[in-house]
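> The primary structure of each chain is shown beneath.
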Amino acid sequence: MKKLLTACLLIILCGCKNSSEEKNEETARVEFSPEMKESISRGAQVYNNFCASCHLSGGEGIKAVFPPLQNSNWLKDKQEASIHAIKFGLRGPIKVNGEEYDNLMPALGLSDREIADVMNYINNSWGNRVSDEVTEEEVAAIKK
Amino acid sequence: MIKTLLFNYFYQAFLPSQKGNIGCSFFVIMLISNLHVFLVIFEVPFYGTCNQQKTLKMKRLFILCLALSLVSCGENNGKTEDPNQVTDNDTIVQNSPVTIPEEELTTAQYEYEVVVPDLEIAWGMDFLPDGSILITEKNGDLILFKDGQKQQVQGAPEVYNRGQGGFLDVAVGPNYESDGCIYFTYASEEGEGEGGNTALMRAKLENNQLTSKEVLYKATPNSTRGQHFGSRISFDGQGHLFFSVGDRGDRDVNPQDLTRDGGKVYRLNLDGSIPQDNPFVGQEEAVKAVYSYGHRNPQGMIYNESTGEIWVHEHGPQGGDEINVVKKGANYGWPLVSYGINYDGTSFTDETSGPDFEDPLYYWVPSIAPSGFVHVTSNKYPELQGDLLVGSLKFQYVEHLTLDGKTVLAREKILEQIGRVRDIVQSPEGDLYVSVEGKGIVRIIPKQQ
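These protein sequence lines are chains A and B, in that order. End of the first sequence = 148 in our numbering, gap-free, step of one. End of the second sequence = 487 in our numbering, gap-free, step of one.
No lab work stands behind these hints, which were simulated from the structure alone. Warning: the hint list may mix true and false statements.
To be verified - Cut-off 30 Å, straight-line C-alpha distance, at most; resulting in silico cross-link-like pairs (DSS-like, lysine-lysine):
id: 1; chain 1: A; residue 1: Lys91; chain 2: B; residue 2: Lys188
id: 2; chain 1: B; residue 1: Lys365; chain 2: B; residue 2: Lys256
id: 3; chain 1: B; residue 1: Lys188; chain 2: A; residue 2: Lys148
id: 4; chain 1: B; residue 1: Lys444; chain 2: B; residue 2: Lys326
id: 5; chain 1: A; residue 1: Lys147; chain 2: B; residue 2: Lys188
id: 6; chain 1: B; residue 1: Lys444; chain 2: A; residue 2: Lys91
id: 7; chain 1: A; residue 1: Lys99; chain 2: A; residue 2: Lys67
id: 8; chain 1: A; residue 1: Lys147; chain 2: A; residue 2: Lys41
id: 9; chain 1: B; residue 1: Lys256; chain 2: B; residue 2: Lys366
id: 10; chain 1: B; residue 1: Lys444; chain 2: B; residue 2: Lys366
id: 11; chain 1: A; residue 1: Lys41; chain 2: A; residue 2: Lys148
id: 12; chain 1: B; residue 1: Lys366; chain 2: B; residue 2: Lys326
Just chain B, same shape as in the assembly:
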């Protein structure tokens, strides 16, 4: 508890700002650098002569004093000049099995080639059997990249392009060869009320035109808030489609309420009907399409063939991005438990875990702002095979997480400084493609073998 408190206050003091009240930050730094000295001063004389309780009491008094001072300084924007000093956090979290501190992040060099240039925000992409790429631009354009040429596909869904909303993911259906079905998620104004919410559409592509369009799901209510639409789409190989919707910026209302959309991972049959074994089908008021809940904003989703599970990663608040294994009916705890804090540096929960909540498989502090997720199965990249790739919007690289079963063993940056990474996909030929905002789509060139 005290650890969590301290962690939050350290975090508050150090992370959110690069520039703050210099007087105050100086004090904070002084306090921290003196912390050990103080503890030694207090501990040594008492330790030998008195019982341990007294030492503890003194320690608590001191920690309280320190915490108080940090609170009061925090309110004055007391923040340090050096954002790298977040390392103080890691001493708090080092015992956790599910995170790896920033200092252990290594870098690997990879070459890449630009395949599709001049895109704005290519939010999603997927491959058709002929090797052409379907690309969703956030602003609503649907692009088919075929034989080296970009073509605008007609009849794309009307998107609500506001804040983080717009055209989101695209996924070519598992039975494309026989049924021609392609799935899309996007922010949509359809339905009652001002604003928008995430929709799932199924359509076919014929003569550069979307046809047989069916909206399979539309989350409600519409909201003018600009945050957290999700969304990614995946298939489990057993006739189900999974997709995500973020909490729509209403964290205290949506994610924990099973009667509402938002902050959920959904499971549908490929035709949009609700599987009768969905976890909340028997609950009268519940949204029947929900498969798991208590999510914040998942923008990465994979089907892990080796475990037979759907995995998501999701944006945390400030700190606390997570990878979660999606389990039937499970609650991932947002916003009741979290490894993060508010963007303004204040805390909203002391708890990182609880008996009613599913723990993450992995979490990031500080946040990397993950978007795009791949489980590499291709043998073209032996050093990545079996591992995870995660795009970082914030730090502008692709993160390679070495995976052993369900344990993340190591973090590695690849394509450092490439730009804001929005999506990552493995093509049917086993090549890895990365969508970079403002740049376009690039292919990671396999290393010489």
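Bound conformation, chain A alone:
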């Protein structure tokens, strides 16, 4: 009986270990400049403070209510519109990964720096890979 348990435990641990290694490999592939790294880490704080309560900490959103940011075609294809949405708010309907979302996201009152940081964080988290850095100037240039 004990052997069976140990075997079961081992299999579980192996299974999990493998996937964690894969994940590390994946994140290690992209090399960021020190400035970008700092921006991403500041962006993580902004994200958890302002975004996570709706889009959730893994960026997965809630189906049909809050669109996902993880692996989102909308985010990938509409970088400028994404910045615009964070800066000025966004009113639906929009289609994300084939699913319709018709809600209202308020303007968040973030500074241009904070918006650039949170964009860099979102662009490079949870498997997202938009390596072009979003700068404060770029955010400032986007008008209502």
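Please build the complex by placing chain B on the supplied structure of chain A, with the hints as guidance.
Below, chain B without anything else, positioned relative to chain A:
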């Protein structure tokens, strides 16, 4: 204890994500579906022949193994594809008298009509004696809806519109007919330090202009954090005003510290002075306006006329929204006890209750993200009369809680899929109005009698 642990791990594994590591989630599902089989395998041979302790030991070993595996998987974002599988939680919480599982949530059809269209986030609303509606828009606009027309009221307070902060609640004072006083809460940058915190203002409305403005309370310190400003305002019919301020995203600092603002329900006299029988008036360092503490973020408050009490509901973290009966000097335990977990799926407390803390009257797992609260007294809606209505930001409906005294008997969805519900108010004529983000204000049409 083990139950709580297991509950947390199940929760962690299932709730927070719709997409996760498929390999890992498969394993979790397998484990859970095999749990019973394993227990049977281990239990049956031992149960008849050996003492019960051995079975228990085996069980514990297995649970430990299961918990460990879930922990390790949790760190890898091991989450299932199907968010509906949270039902596993309910087997853990089913004995509690104060919650009702999601599967027992029924739906009722109601018609509604849009009364005030084209609003963004109408955070608060209240009625003037002439039937016009005062509306606070989160972005700082104060709107008077009168004779079918929206008018922008001048002289609204300057709001700190950041994150969840902005223009919050509005409440027409109980002596409006004689003193013309209206009360507002809003996020404000007033005072020292960068950022903002919740303020309470009293003002009068004259010729579409706010006059005689007085800030009755301003919570400190200012903070650039975007969370948990509260806030709702209610009156107890005995010359007191109650309002709430959330923990401002500083849960380990504010809610349990009586010398600080945040995570509190406050009680003031209508002129803003502090009632001498407030619970902490005698404590030198304490914030004297505090009436109860250990709250997270109350965005619903009612005066329950039948019990003579102020009730609040408040957002929990992930899971663990609560309805609390506000008692003088009571501690509601945030963040030391909670039915919820962190947004990232990790746990911060094993305890849901404790001798020093007031238990909720009702709690929700999973969270509905409650905002707006009404105790229906109107006889226009006999099937709702005497019950509670709670808005759900997350699931976009109004929740009807059947109430018997202080016990919630049933949950029912009304206005399903209407949108993010921010506020609910019963008008002086007894009609129910609901503010829906991105939509405006709607009136629930009473059913034909």
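> Quick one, are Lys365(B) and Lys256(B) close enough, alpha carbons at most 30 Å?
Answer holds: Lys365(B) to Lys256(B) is near 23 Å, not above 30 Å.
> Lys444(B) and Lys366(B) were given as a pair; does the straight-line alpha-carbon distance stay at or below 30 Å?
Holds, at about 17 Å.
> For the pair we were handed, Lys99(A) and Lys67(A), check the Cα-Cα distance against 30 Å.
Distance ~12 Å between Lys99(A) and Lys67(A) Cα, so the pair holds.
> Holds or violated: Lys91(A) with Lys188(B), Cα cutoff 30 Å?
27 Å, holds
> Just to be careful, I want the Cα atoms of Lys444(B) and Lys91(A) compared with a cutoff of 30 Å; is the pair within it?
44 Å, violated
> Under the criterion that the straight-line Cα-Cα distance not exceed 30 Å, is the pair Lys188(B), Lys148(A) satisfied?
24 Å, holds
> Is the Cα-Cα distance between Lys147(A) and Lys41(A) 30 Å or less?
Given pair Lys147(A), Lys41(A) holds - Cα atoms ~27 Å apart, limit 30 Å.
> Given the hinted pair Lys366(B) and Lys326(B), is their Cα-Cα distance within 30 Å?
12 Å, holds
> For the pair supplied as a hint, Lys41(A) and Lys148(A), is the alpha-carbon distance within the 30 Å limit?
29 Å, holds
> Given the hint that Lys147(A) pairs with Lys188(B), test it: the Cα-Cα distance must not exceed 30 Å.
Satisfied, since the Cα-Cα distance of roughly 28 Å is no more than 30 Å.
> For the pair supplied as a hint, Lys444(B) and Lys326(B), confirm whether the alpha-carbon distance does not exceed 30 Å.
29 Å, holds
> Is Lys256(B) close enough to Lys366(B), meaning Cα to Cα at most 30 Å?
21 Å, holds
Consistency with the previously given hints fails for number 6 only.
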